[in-house]
Structures are given as structure tokens and as C-alpha cells.
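> Going line by line, the protein sequences match chains A and B.
Each residue of the first sequence is one higher than the one before, starting from 1 at the first, in this note's numbering.
Each residue of the second sequence is one higher than the one before, starting from 1 at the first, in this note's numbering.
Hint data in this document are derived by calculation from the structure and do not stem from the laboratory.
Using N, Cα and C, we set each Cβ at its ideal position, and we do this for glycine too.
Do not rely on the hints blindly, as some may be mistaken.
Chain A regions said to be covered by chain B (calculated; three or more residues, Cβ under 8 Å) [claimed, not checked]: (1) 112–121; (2) 174–183; (3) 229–235; (4) 277–286.
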Amino acid sequence: MTRLAGSEGPRPTVSPAAPVVEPAKGGRRHLLSVAELGAEGIAEILEVSDAFVEVGRRSIPKVPSLRGRTVVTLFAEQSTRTRLSFETAAKRLSADVLSFSLDTSSVKKGESLRDTVETVAAMGVDAFVVRHTSAGAPAAVARWVDASVVNAGDGWHEHPTQALLDCYTIRQVLAERAGRPSQGAGVGCFVGLRVAIVGDVRHSRVARSLVLAMGSLGAEVILVAPGSLLPPSLEGWPVTEVSYDLDAVLPHVDVCYLLRLQSERGAGAFLPSVREYSTWYGLTARRAGLLGDGALVMHPGPMNRGVEIADDVAALPQSLVLRQVSNGVAVRMAVLFMLLGQAPVPGTGVSA
Amino acid sequence: MVDASGERLADVLIRSGQVGEVGPGVAVPRGATVLDAGGCLVCPGLVDLHTHLRQPGAEEAETVETGARAAALGGFTAVVAMPNTDPPVDSAAVALEVLALGEGATCLVAVAGAITMGRAGERLAPIGELASMGVRLFTDDGTGVQDVAVMRRALEYARGFDVTLAQHCEDEALARAGHMHEGEWSSRLGVPGIPAEAEEMMVARDIALVRLTGGRMHFLHLSTARSVALVAAAKAEGLAVTAEVTPHHLTLTHAELAGYDPVFKVNPPLRADTDVAALRVGCSDGTVDAVATDHAPHAPERKDDTLDAAPPGMLGLQTALPVVLGALGGGKCNGAVLGLLSWRPARIAGLARHQGGDQGGPIEPGAPANICVIDPTATWEVDPLRLASRSRNTPWAGRTMTGQVRHTLFRGEPVVVDAEAQR
């Protein structure tokens, strides 16, 4: 896997017209796993995201950076927010967006995933944003086509842009509290940050990406889950602690990150009942009271209110759920721009 | 020359499909074909206990003819065709079809029968009728017989027919959803895993059944350290059990799955490096009786998919010998390693000479000329497109192998000469 971006190069700056980001040199690149990025790669994306957050505040939140580029969102799984977020991001970059659902496509007529993907690629596509129920599907697409591939969630494996937008959101809030802009703030704020990731870690691609990101950035990760929802092995995971006792963990964390109970992935068979799960692992109003002052509550959505998070807790000011969603567009703009923004326009030899 | 009776330097004269003279400086009769074996080892043809020839039913992946050609190129003069065809080998008719397809092939095609009808694990297949046709090995390979009572009945019933039951050890309740070994890599990659215990529980169960029934059991493709330990204990107890491992389980680990390449998806899955090490020890201390390929061709379009959608299995016949030499012999080719690939599996398959067969040597006057000539130092690169198999799913694509089969003689016919198939 190639790195999304090099660690060298000048800091991005914002001009009134459009973000000016110096290109990272190199060939075709993908974003398949947070593991490819390292701390520097994450820091670079967060910095570029700052520029696009600024764009998002303008009256016309659109820049011409990817004009003439084509981004395909190839989704083989139900998704609302991720798909809309990527498509909004691509459109704000002026890219042409093709939206493609595998369950309505010729895959149903027996065409293989490879043929489908190659057929779409033959129409002239610069990037595939791939969501698939199979872990590794984006890696397969990257093997099959020349276009850039962004993993928008593959099975239980990873969801890199979710982890990146979570990192962005944490950094933004911590910068606000410190009374300084997040731009140029670096990623030092993550060092020693105590992050509890609570719930269905076993089936969660969000957890895998987030653990890798937090590990890279020097945060301490505490996994809190019933034994049956932990992965079979945590070898190689940058995890400080594993706990079965949410009450004991909550007073000592800076971030409480709640995972969605993935009942559609068979989580039901891993638990006696949803009620029993929420009794021990749901963030109820009582439990939220155990959190220290200023601790943040996060959730990747969609929320199962009353299961992993109580309705009252979702509405608390330290709950960042909607801010995560709104930052998602800027972070995905950054990712698409960094993958596609530097490549020459096909057939013209003109660089963007 | 290497066979079960040791190593010696000799010429071998073959006449009418049989070994004629053996010894130093045998005179070459006029008109005889001379095959150069300088720098090579001459040994009994290899015997593969575990080959999927895919015929009938999946001829797009392999046929008896192409599989037998791949076998000959790999030095094998006999293969045991697994019964998980479509339809499966659970009747005399299908067994006869496969045997007929094997007539005229470039190696002996022995047929394994299913233990249960349709390999469904419920009703016994006609073990007696198939045994009377010469079938010596029975297995539902592809799956294990899940129901312990059915397996008990099978072992009891089979006792009277001088046949061996072979088990694909996998507890489906634990393994069903998995696509790779459960552990560090499956957890990282987010891929549902198959725990080692799914295999070990059935090995332990079947050892108990052998004790209970007095039956005879061969364990197919063992892949974990504890499976080998269980078999070692059963042998120490005097139970009639044998075991095979595959070349890939002796060499590759679950870390190969890091790129989600389905060519490394196989069942049982590639395990941890500690398992690989234990399998190698099991081969050298006698616990493991044979190396078998589990040659499992799949058409390219089926393998080139996402990891969970692709079927498990990899090619093995043409790469088995060099892979095993590298893993077990330290590159050296000796009787211990060749025994695992020739005369020991020949006995398990019921194909040895004292069992009425013609496989596994020794090479002596009057013996059937099933012979393999190995150049242990020759190197060659694995090109999936140049393999004789109809499929390309070799995990060794692009890798350089040390050790090559130079000639293969099947019943006296040079079916492979200078590493080229003759038909």
C-alpha cells in the first residue's frame, strides 16, 4: 500500500480563492488503511482539512480544484451519511460524481465484482470510493484498476476517513478550548489523551481505524466491551488497556467513543439481549455523570438511541456527534484533493 | 538411487514396464532409450494422498487428464482423487466414471470414496461395494463428518473391509463463518476466523472414536501444533492412526493474507509460525506419515474475487517436491523426505506392492517401473500460466524453486522427460 502523502513539503495555506496545497510527489495513491499514514500522514490530512473547513464556511462553499475529475462512489452496502458525505465533498471540489450501488447493478445479473469495477473504470474514472461488506474489497479494487481507491468502509476491517474525521473533531475541540486556531496546531494534543472505545469492537471497522490512528498519534486507547464483542486477538494493537467495566473506566477518560451495536453483523448472537448490553455498556445519563469535566462523547453514527447511547446523553453539549458529521465533509474533501489534486488532467498533460 | 531400502549408486534398466537390472554399470541394450540422471536421485514415483481432480462437475478448473499431467510433472506416479466432485463419489457409478477417466492418464488415478451419501454426513455411502471395486480410502473431504454417532458407525462398519477412513477435521459450528486462521492477522484484517480448535476438537474426537471402535483413521491436512501433539499421543497409545500435512502448511503462515489475496485462502487455513514449526517437527519425528498436496484447482474467475467470496484451495502437484525439500530437507533430498512423499503415503493409500499395488517402490528387479528422477539443485521459476493444471491458483507464482523433477516413468513409460510432459 502506498502512503497517502509524504511527510515533507510546505504547510498548506489558504488563499481567498481556493486552498493552495503543495502536491506531494509520487504516483497513484490510495487510502485503504490508516496504518499506511503514520502520525505525519494523519497530521498532514488534518492540516489540509482545516483549509476545507474554512471553505465550508463561505457563502459558496465550492472550489474548482477537481474540475474535470470523476469520482465514483461504489457502495455495496447500505449507507447514508458516508455516501452523502463523500459525494458532497467531491461536488464541493467540482468533481463529477457517479453514484453506483452494487445491489442494483449488473452484479445481480451475475457479473463479477472485478468485471463491474473494470467496466466502470473503462469509462474514465479518477477515484473509486468503495464501501463493501467484504474486508479487503477496496484492496482488490486497487489491484484491478489504475484509479485511486478510497476505502469508505470494508466489512469489519477499516473505515479510515471516519477515524480521520474523529481525529479532526477532537483536535478542533481541544484547540477551541485552548483558545487558539486548530490550523497549525499539529497533533501534539493527542499525546497521552485517554480514549475509551466502547462496544462492538469485534465487528467494527471504525474501531480498527480509530485504534490505529490513536496509536499512531500517541493516545492511550482503552477498549471496553463484553468479551464476546472483542476481537479474538489484540496482538499488535496499540491498546493500553482492555476493560469489561465501563463505570470504572469513565472517570478517567478524555474521550468516550461509543460504537454502534452492529446487530446486522450478527451481534445479536454474541449477546443475550440488547437490553443486557445497554445495561452494562450503554452510556446512560447516570454513567455520563461519571465522566470527568470536559470529557468528550463521540459516536460514528448512526446511533441506536437507548442502546449504546441514551437520548439525553446524545443531546449533551460535550456530545460531538453532529460536529463529527459536519467535519466529515471537509476531511473527505482533503482526502480526495490530496489523492487527485496533483495529477495531470487526462490527455492534456496539464497539471492542476 | 533412493528408496525405502536405502541409498546406493546404480543404473536402472527398465524393460516392458518393469525394473530389469539394477546395479553399477548395467550394459545398455541395443535400441534402448537412455535417460540421463547424472547428478540426480532416482526414487520410487511420488504418491499423492490428496488430489482434487474436479471431474466430474468442475471441468473448467481441472480434469483427470490435466491433473494427472500436473502430477507427472511433479514426480507423482499415483494420486488419490478426492470424492468431493459433482456428483460426489458415493456410488459405484461415479467411482467407475472417475476410474475410466483415469485409464490412459499419465499416472495412476486411485479413487477415494465418500463416507456418507452426498457427503452430507447422515447416511453411510456404499463402503462395501466401493471397497470391492478397489477403493481403499474413504472421506467426506471438503467437510468433516460432523455427527459423532454417524462417524462411529462408519468406523465400525468399515472395519470389515480393510479400508481406511480419512477425516477432514473441522468443527463446522466453530469454523463455518471463517475465511482464514483466527488470530492476530484475522483480528487486524477484520476477517472472520477459523480457530485452531475447530480442527483440534475433531482430531481429539476421532482419536476417541478410533479407541472406541478399533477402527483405522487417517487425518487429512493437519495444520496445527496441537493436532500433531494429539496424533503423537494416539500413536504412543498404539491406536491405528496416520496423518498427513500439506506443503503449504509446512511453509506459509496467516501473515500471507495481509494483502487479502484469495490465492492464500485455503482450508484448513494457513496458521501461525509456531504451527508451521510444529508440523515440521512432526514430519521429522515420525508423527506425520505423509506430505499430501491437497491440490485444489479453482477457475481464475472464481478465485479472483474478494477474500470472503473466493473458494478455498490452492494448486500443489507441481510445486510439492521442491517446497517440501526446502522445508524439511534443508534443500537436501534424502530417504526421510522422499518417504513422506512416496512409500509411506503409498501404504496409507493401499497402493504398496505388498498390498497388491505397484506404488512406492522399492526399485528392484521385477518391480513395476514407477520412478521419479529428481535434480535436487536445479532451479526454476513458477509461472502459473505454464503449469499443466487448468487453473492458476498457485501461491508460489513468480517464486524460484530449488529442486526439479527431471524425468517421471509411469509403468515404464517416460511420461516426463527433461521436465517436459511427453503427452
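> Evaluate each hint against the coordinates.
Tested hints:
1. By the rule of at least three residues with a Cβ nearer than 8 Å to a Cβ of chain B, the coverage given for the region 112–121 of chain A holds, with 3 such residues.
2. Figure legend: the region 174–183 of chain A, annotated as covered by chain B; annotation inconsistent (0 residues with Cβ-Cβ distances under 8 Å, at least 3 required).
3. Here the region 229–235 of chain A counts 5 residues with a CB under 8 Å from a CB of chain B, which clears the bar of 3, and the coverage holds.
4. Requiring three or more residues with a Cβ within less than 8 Å of a Cβ of chain B, the coverage given for the region 277–286 of chain A is violated, as only 0 such residues are present.
This entry does not satisfy hints 2, 4, going by the numbered hints stated previously.
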